[in-house]
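Turn these sequences into a full structure, and let the hints steer you where they fit.
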Amino acid sequence: MSALPRSRRYQIAVPLALFIVVLAWWHPYAVIEGVQRAGLYAAIALPMALILGIVGIVNLAHGDFLMLGAYLAYWFAVHTQGDPLVAILPAALGLFLLGAVVYRATIKHVIGSSELSQLLLTFGLAIVLQQTATLLWTSQPVSINTEYTSTSATIGSLTFGTYGFVYVAAAVIEFAGLTFFLQRTRLGQAASASGQNPVGARIVGINVDRVYLIVFSISLALAGAVGVLFLTRHAVFPLVGGGLTFKSFCLAAMAGLGNLRGILWCSLILGLAESLVSTSKEYAGWADLIFFVAIVAVILVQSHRRQVT
Amino acid sequence: MAFPLYAGVYLQHTATIILTYLCLALSWDMLVRTGQISFGVAGFFGIGAYSAALTALNLKLDPLLSIAVGGLAAMAAALVLGLTTLQLRGMYFAITTLALTEIFRVIVRNLPGLTGGPEGTVLPSAIFDGDPTKTYWLLLAIALVTIAISEAFQRTRVYFAITSIRHDEMVARSSGLDIFKYAVFVFAVTSAIQGIVGASFAQQYAFVSPEGTFDIDFTLLPIAMCLLGGMHSTLGPIIGALVLGSVAEYLKLQLPYGHLLVYGAVITLVILLMPQGVAGKMKEQFVREQ
Amino acid sequence: MTGKRMRAVCVGCILLAALISACAPAAAPGTPPATPTVGTTPAAAAQPAAAVKKPIKLGAVIPLGDITGAQSAKAMKLAVKEINAKGGVLGRPLELIVVDDEMKPDKGAAALDKLATVDKVDVFIGGMASGVLLGQAPTLKKYAKVTVWTGAASSKCEEAIGADADWFFHIHPWDYNQGASYEEGWTAITKRYPQIKVENQFWAYEEGAFGAGTFKASQDLYNQWAKIQGQSFKSAAVGGGDYRAVLRQAKEAKPDVFIWVGYEPDAMGFVQQAKEIGFAPPIFLGSPPGWPVAFGKSPLSEAVWLYGMWAPAIKEVSDVSKGFLDAYVKEYGEEPATYFSPLGYANVYIVAEAIRRAGTIDKPALITALEKTEYKSPTGDVVTFTPSKIIKHQGIKKQKILQYQHGQQQVIWPFEVATAKPAYPFPSWEGR
Chain V
14 MSALPRSRRY
24 QIAVPLALFI
34 VVLAWWHPYA
44 VIEGVQRAGL
54 YAAIALPMAL
64 ILGIVGIVNL
74 AHGDFLMLGA
84 YLAYWFAVHT
94 QGDPLVAILP
104 AALGLFLLGA
114 VVYRATIKHV
124 IGSSELSQLL
134 LTFGLAIVLQ
144 QTATLLWTSQ
154 PVSINTEYTS
164 TSATIGSLTF
174 GTYGFVYVAA
184 AVIEFAGLTF
194 FLQRTRLGQA
204 ASASGQNPVG
214 ARIVGINVDR
224 VYLIVFSISL
234 ALAGAVGVLF
244 LTRHAVFPLV
254 GGGLTFKSFC
264 LAAMAGLGNL
274 RGILWCSLIL
284 GLAESLVSTS
294 KEYAGWADLI
304 FFVAIVAVIL
314 VQSHRRQVT
Chain H
282 MAFPLYAGVY
292 LQHTATIILT
302 YLCLALSWDM
312 LVRTGQISFG
322 VAGFFGIGAY
332 SAALTALNLK
342 LDPLLSIAVG
352 GLAAMAAALV
362 LGLTTLQLRG
372 MYFAITTLAL
382 TEIFRVIVRN
392 LPGLTGGPEG
402 TVLPSAIFDG
412 DPTKTYWLLL
422 AIALVTIAIS
432 EAFQRTRVYF
442 AITSIRHDEM
452 VARSSGLDIF
462 KYAVFVFAVT
472 SAIQGIVGAS
482 FAQQYAFVSP
492 EGTFDIDFTL
502 LPIAMCLLGG
512 MHSTLGPIIG
522 ALVLGSVAEY
532 LKLQLPYGHL
542 LVYGAVITLV
552 ILLMPQGVAG
562 KMKEQFVREQ
Chain P
731 MTGKRMRAVC
741 VGCILLAALI
751 SACAPAAAPG
761 TPPATPTVGT
771 TPAAAAQPAA
781 AVKKPIKLGA
791 VIPLGDITGA
801 QSAKAMKLAV
811 KEINAKGGVL
821 GRPLELIVVD
831 DEMKPDKGAA
841 ALDKLATVDK
851 VDVFIGGMAS
861 GVLLGQAPTL
871 KKYAKVTVWT
881 GAASSKCEEA
891 IGADADWFFH
901 IHPWDYNQGA
911 SYEEGWTAIT
921 KRYPQIKVEN
931 QFWAYEEGAF
941 GAGTFKASQD
951 LYNQWAKIQG
961 QSFKSAAVGG
971 GDYRAVLRQA
981 KEAKPDVFIW
991 VGYEPDAMGF
1001 VQQAKEIGFA
1011 PPIFLGSPPG
1021 WPVAFGKSPL
1031 SEAVWLYGMW
1041 APAIKEVSDV
1051 SKGFLDAYVK
1061 EYGEEPATYF
1071 SPLGYANVYI
1081 VAEAIRRAGT
1091 IDKPALITAL
1101 EKTEYKSPTG
1111 DVVTFTPSKI
1121 IKHQGIKKQK
1131 ILQYQHGQQQ
1141 VIWPFEVATA
1151 KPAYPFPSWE
1161 GR
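Residue numbers (this note's numbering), protein chains in the order written: chain V, 14 to 322; chain H, 282 to 571; chain P, 731 to 1162.
Note that these hints are calculated values from the structure, not bench results.
Among the clues, some could well be false.
Unchecked claim - Result set (DSSO-like, lysine-lysine): computed pairs, CA atoms no more than 30 Å apart in a straight line:
1) P:1093 / P:875
2) H:341 / H:462
3) P:927 / P:946
4) P:984 / H:341
5) H:415 / P:872
6) P:1127 / P:921
7) P:875 / P:811
8) V:294 / P:927
9) P:872 / P:834
10) H:341 / P:927
11) P:850 / V:294
12) P:981 / P:957
13) P:804 / P:1045
14) H:415 / V:121
15) P:1127 / P:946
16) P:1122 / P:1106
17) P:1119 / H:341
18) P:1127 / H:415
19) V:294 / P:957
20) P:921 / P:981
21) P:875 / P:850
22) P:1093 / P:1119
23) P:1093 / H:415
24) P:1106 / P:811
25) P:1045 / H:415
26) P:1102 / P:1045
27) P:1093 / P:1060
28) P:1119 / P:1151
29) P:946 / V:294
30) P:1093 / P:1127
31) P:834 / V:260
32) P:1128 / P:783
33) P:981 / V:294
34) P:875 / H:415
35) H:341 / P:872
36) V:121 / H:564
37) H:341 / P:1122
38) P:804 / P:875
39) P:984 / P:816
40) P:872 / P:1093
Here is the structure:
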């Protein structure tokens, strides 16, 4: 959870701000949609970075838990004829409990094993979740349309969608909430300590196992809640989680493992870059390349600076 | 090993698929033994497949020769990448290789003139005119060579040094051995194996496409097989590939709906019950009995 | 150390051999196949004679994890059950053996090997994804068994199968068949309804094989009669889902027709985001292989056009279609969601009727009989086999142009099976 030194922060923030200003003048839509896209990426990646930073596990089933939250919301909306957003709390709660069960039954037993066994365990969980969803709901996607999803605003000659900013808000709230939790609450401080030095934390009397359980459950609860938001604007199907896990994993690695603030920056950079490339007619097919080249570039530059070991 | 010859075409084919994954798993494990985890197996598999398919099609290269070209192409790519990225450690190297796989895929998809673009490229005929027995022998030969290389690596001086210091980086640095150079070498060799396997796959099924050839499963399944069988050995990945490969096929026939669910559950359970992998468990039993 | 390792490797080799030989007895002839088989002897009571005789085996390779394949398999089982209830074919019952291809070319090819050598099926049927058929082509050619294939639209597959394959019968239209069919359809529609304009088209296509291939095939064809431009997008099926950049380009182009070619998960996003940026072209058309659950229930679906092969509404104009739909709903308690179910049903009937006409399952006679196929399919078409660009036996060449009206997919063209008149132009997004 190491924050960057102040001078380094400016080194990133100032060029980025300049870039955004220039881009906004040149391609206003690329900025608006890029920021919205960045919000979605960050909202999805933050819970994964939380587990990675504190429990130290790459949760390859992250996107699949999100998928589960989305299906819960869908089920809720269909059966109550209500708004899917109402399901945010039940989905978060349900996933929190599921998180506790999954942690107790599986994750707990691989804490301290090699990172690869942990990886494979969550890979196995991902397959189980995907296939259960396929058996329960078939591969046919579900989607929900609400009136507010496609609201738009007009400023001057610009007409743009506003609902996408929900994801920006979600990411900011998540980030602020998690930062508050980790820095200001006793449990959060214990979690930070366990994340940095589990052995030391144990020595000073922190119940590391319980901390891990709670952090894991919180991460799943957040994934569930984001899943509900995801459903309001995206189709959901059993295999939808794979791509989300993949992007979150890349973002977490780019940001520096467990660095929550870094997730916001990296999401913003990637969101803007992707949006910019997709607005170009000839090179739209290369948008993915930007994402991955950016990741490799950032990792290489970081390694030269910090000598990543 | 000649059993599948008498077991009929279907088992030969299944065995060929298992051997394909066996080579991928074993080559992946070889790199792990140097302390580096690669998520780029599908990338080198794909480079090999495309190089073989394109040279066979455009330069009218003999299929077997084109498979060698596929291996060389993957090796060349790995050398360049290894020199720039193998200094990274742990997850950073892993994620870089994963990103590179995707980069290869995007490039291949966006160069329709050369690669056939998103639709891929079809070869006029499969290797050996689709003779399953000859294809089986080919994969068996590649697998035996891979096993031999794996065994050879385990006998090098550098390997012993690395094993004894696997958990102690400081010793590694002070030992004076150039681990980086060794890692680049191993990376190049294992990527060549993955390229050769990809090339054979392309020749066997006579087509390449960005979606099918760079499938992330070519990375994930071999890793799962290694972990299941047990890492850091020749035997572990072999057992893992055999078990997981045959379990997957058997389950599919028994349980047409939901077989992948059981497959996922098996992976989860094995990790929980046998964290050292099947080979590790067997060794443990063996030691206990003595 | 060395000796121990050597031993370990030997153990590994022995294990490999043991495992594979352990599998062998299961494959020996005589033991019942592990694959689920359906409809072996359901006619036992009605037709004791049929039950005693050796069944005619149809081997289907289908992706069971996907809804297209799952429903295709269900429809095939239904057809087999119906045929067997009427005494089977040539006095012998049909037996359907389904193997999952898991949407993987290698698994699909191995499945063919199993069906051919272990189950010893008489005819290959099934199919869905083009990417799987490409990998199966060498195996199909190796056996050169009579093959009647439901799926695959990519003309790359035709290239892979080749011109010599007189045993290969393909039901689903190739991508360029679809393109040509739409040209025919729109020409007919604009002739009957002169106010409808289709000259200026903007295509948004997903960047993978399906979208890019369809676009390319159409682009080559269309320059004669329509001005067509296009832009790729990343499908939500593979992690995309933001279509605003491509929609905005489409808006600037002011097309008569906007077409998106993608997958089911893209359907809702396209209408939502088109509404968001205020893009309502006179014709808004989607061309995915299927639609999401309850898409029609959303007010945004109203007057959305679609390309397809079948809709439940066809039952109103086709008795065969009604018969199929009623039987399917009765059997499984749900309406099929994809056109792969009527196609799967047709697949079995086409084979069964050809065997009946041939009076045998011998290959040359069966091929001749299949060539004379004139099957009234539940998709509303009459299936006959005629040459396409490369292969000799291409079945359906015509697609349908449909439109969502009041929550239902209605057929607009071909007029012989039309169930509704077109709603034109596309109503604005205001108020929905």
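Taking the earlier hints as the rules, which of them does this structure contradict?
2, 4, 10, 11, 14, 18, 25, 27, 28, 32, 39
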